[in-house]
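There are 2 protein chains.
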Amino acid sequence: MTSQDRFSGVLAPVVTPFGQDLAPDAARLAAHCKWLVSHGVRLAVFGTNSEANSMSVGEKQDLLDRLAGSGVEPADMMPGTGACALSDAVALTAHAVRLGCGGVLMLPPFYYKGVPEDGLYRYYAEVIGRVGADGLRIYLYHIPHLTGVPITLGLIERLVRDFPGTVVGIKDSSGDWANTQAMLDRQWDDFAVFVGSEDFLLQGMRNGAVGCISATANVNPQAIARLAAHWRDADADAAQADLSAVRKIFQQRPMIPAMKYAIAHYGSDPGWTQVRPPLVPLGKADGEGLIADLDTAGFGALAGVTA
Amino acid sequence: MTSQDRFSGVLAPVVTPFGQDLAPDAARLAAHCKWLVSHGVRLAVFGTNSEANSMSVGEKQDLLDRLAGSGVEPADMMPGTGACALSDAVALTAHAVRLGCGGVLMLPPFYYKGVPEDGLYRYYAEVIGRVGADGLRIYLYHIPHLTGVPITLGLIERLVRDFPGTVVGIKDSSGDWANTQAMLDRQWDDFAVFVGSEDFLLQGMRNGAVGCISATANVNPQAIARLAAHWRDADADAAQADLSAVRKIFQQRPMIPAMKYAIAHYGSDPGWTQVRPPLVPLGKADGEGLIADLDTAGFGALAGVTA
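Protein sequence lines, in the order shown, are assigned to chains Z and C. Be aware that the first sequence starts at -5, since it is given in the working numbering, and climbs by one per residue. Be aware that the second sequence starts at -5, since it is given in the working numbering, and climbs by one per residue.
Hints were generated in silico from the structure; no laboratory data involved. Glycine included, every Cβ here is placed at the ideal spot set by N, Cα and C. One should not assume that every hint holds.
Stated by the list, open to error - Quick look at which bits of chain Z chain C covers, simulated, 3 or more residues with Cβ under 8 angstroms:
id, segment
1, 109 to 122
2, 216 to 222
3, 268 to 274
To be verified - Calculated from the model, a selection of chain C residues having no Cβ within reach of chain Z, i.e. all distances over 12 angstroms:
id, residue
4, Arg124
5, Gly129
6, Ile150
7, Ala239
8, Gln246
9, Pro248
10, Pro251
11, Tyr260
12, Lys278
Work out the full structure: start from the sequences and follow the hints.
See the structure below:
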């Protein structure tokens, strides 16, 4: 298998719609996935912004099946499959591989803090050994402000060395450019570094990153995908500034509820605002402020959203 | 239902034995549970020290069934059932109630940080509503250094007010006596405060706590239970000092692997040392140091352990 099978460019941690009963809504999710793909973005379903950890493994397996059944291409999907429980991570990863997903994005187990690097290594090694599939492609997921469990350079080094062709990349959501740069400097063979926000997209592409996996790709996919593809163009810095301006508007509110509010608003589908506890939906005043800010910024990315 | 049905005294977050294949070992666990109960301690199975979050909901449901089938009294069990995923928490809590467990110990959802109090309230309210059982008794679990999600006084106040007889207590593992004191000062009706370590046992009992739920109750049950029952005795301060001296020996090592090492050693059952990743077993030198320290301290609590 060559690096042509690998992900690059832009992926969205796809927001998950829930019904009034808080059950995941596969039909709305499939529609949003297709809209994203049609706008140049691939699908990191079950990421942080997907409220993935607020769903059970069974719910996620069922959603994957329904997405594939609805015509969402498994090769376009990089589902999040990392979990606190080794058994959960194995079950969901195996399911994703069986379905033909292009890769998986794996959090470390995140309940215990201060665990030894050996323990984290053993966790990933056990998942790889138990899933036991040639088609497994793991992208590590470094997001220390939520996990409290960093994926260190030393850990990556060991995994890349011992599982070449299987541990093939990372999403760096540390928000710490020095950390991203340090990963890029290592130049591990065929190892793909994704920045965790389009704020770092241009800087990333100029320094060897392959793209970004970013929340706001849910709501601004086309412009982000365009910069990822055309980062060598003369207007790249201006395009980067535009992306960051839009992101900032979302970031001033709780991100997940704000994105769902925007999808509901521009798609005329109020049901999209639902979130699972412990999150709460954006309030009316906050939501109206969000839309006003987006309108003022001339934001039209979601005009064609069909949900 | 009266407060006579409630837990008090000492509970152990029962360590979970795993086989060489890392599968939970129900027979060893049942034996350890019975040994603990015979030494005056009840069973907070699936706590932090049980590696509960390293197991799937299905594995925990199966273990509960097997424990009950092995003659461990459900009324003696307070399984941990809180989870990041609402659906997981509902499934495991409902299972525990159906089995007749005396209560459940509930972590907040711990992946997202900085979530609003309203979202945490809604999480617990949804679990209560969905489980929908009169027999449900929830003990909240405050352990902010691992969850990053504190259970604030304001949240407890709302839950106790809206769900009297259901939200009936808390385990405070903050290690912050001022926080424990603040909970005790509120004097909520029939609300049981457990300190999270026997280091605070005597101070807790003198100020209105009902007992402790402590890791080291796995290995030093009888002495801890004795102080909880006889805290008004003249020698209570000396007994407290003895408990803390033993705890300190374990605390100088990674707690869970150290307790398992001691159980394996005193029970002549090497299989007990296994842990699930991301934890790692205690190394040989560390383990021998632990036993030497315990022997020096004249520690005999585990002499009769049958595993």
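Hints versus structure:
Counting residues of the segment 109 to 122 of chain Z whose CB lies closer than 8 angstroms to any CB of chain C gives 8, so the stated coverage by that chain holds, three being the minimum. Under the rule that three or more residues need a Cβ within less than 8 angstroms of chain C, the assignment of the segment 216 to 222 of chain Z is violated, with 0 such residues. Coverage of the segment 268 to 274 of chain Z by chain C holds [criterion: at least 3 residues with CB-CB distance below 8 angstroms; count 5]. Non-interface call for Arg124(C) relative to chain Z: violated, since the shortest CB-CB distance, roughly 9 angstroms, does not exceed 12 angstroms.
Residue-level check passed: Gly129(C) sits 23 angstroms from the nearest beta carbon of chain Z, beyond 12 angstroms. For Ile150(C), the shortest C-beta to C-beta distance to chain Z comes to about 15 angstroms, beyond the 12 angstroms cut-off, and the non-interface label holds. Consistency note on Ala239(C): stated as away from chain Z, and its beta-carbon is indeed over 12 angstroms from all of that chain's, at 24 angstroms minimum. With a closest Cβ-Cβ approach of about 14 angstroms to chain Z, Gln246(C) is found to remain outside the 12 angstroms limit, as its non-interface label requires.
Under the 12 angstroms C-beta cut-off, the non-interface status given to Pro248(C) relative to chain Z is violated; the minimum distance is some 8 angstroms. Non-interface status of Pro251(C) relative to chain Z is broken: a Cβ of that chain comes within 12 angstroms, the nearest being about 10 angstroms off. Non-interface call for Tyr260(C) relative to chain Z: holds, since the shortest CB-CB distance, roughly 25 angstroms, exceeds 12 angstroms. Even its closest Cβ contact with chain Z, about 15 angstroms, leaves Lys278(C) beyond 12 angstroms, as expected for a residue assigned away from the interface.
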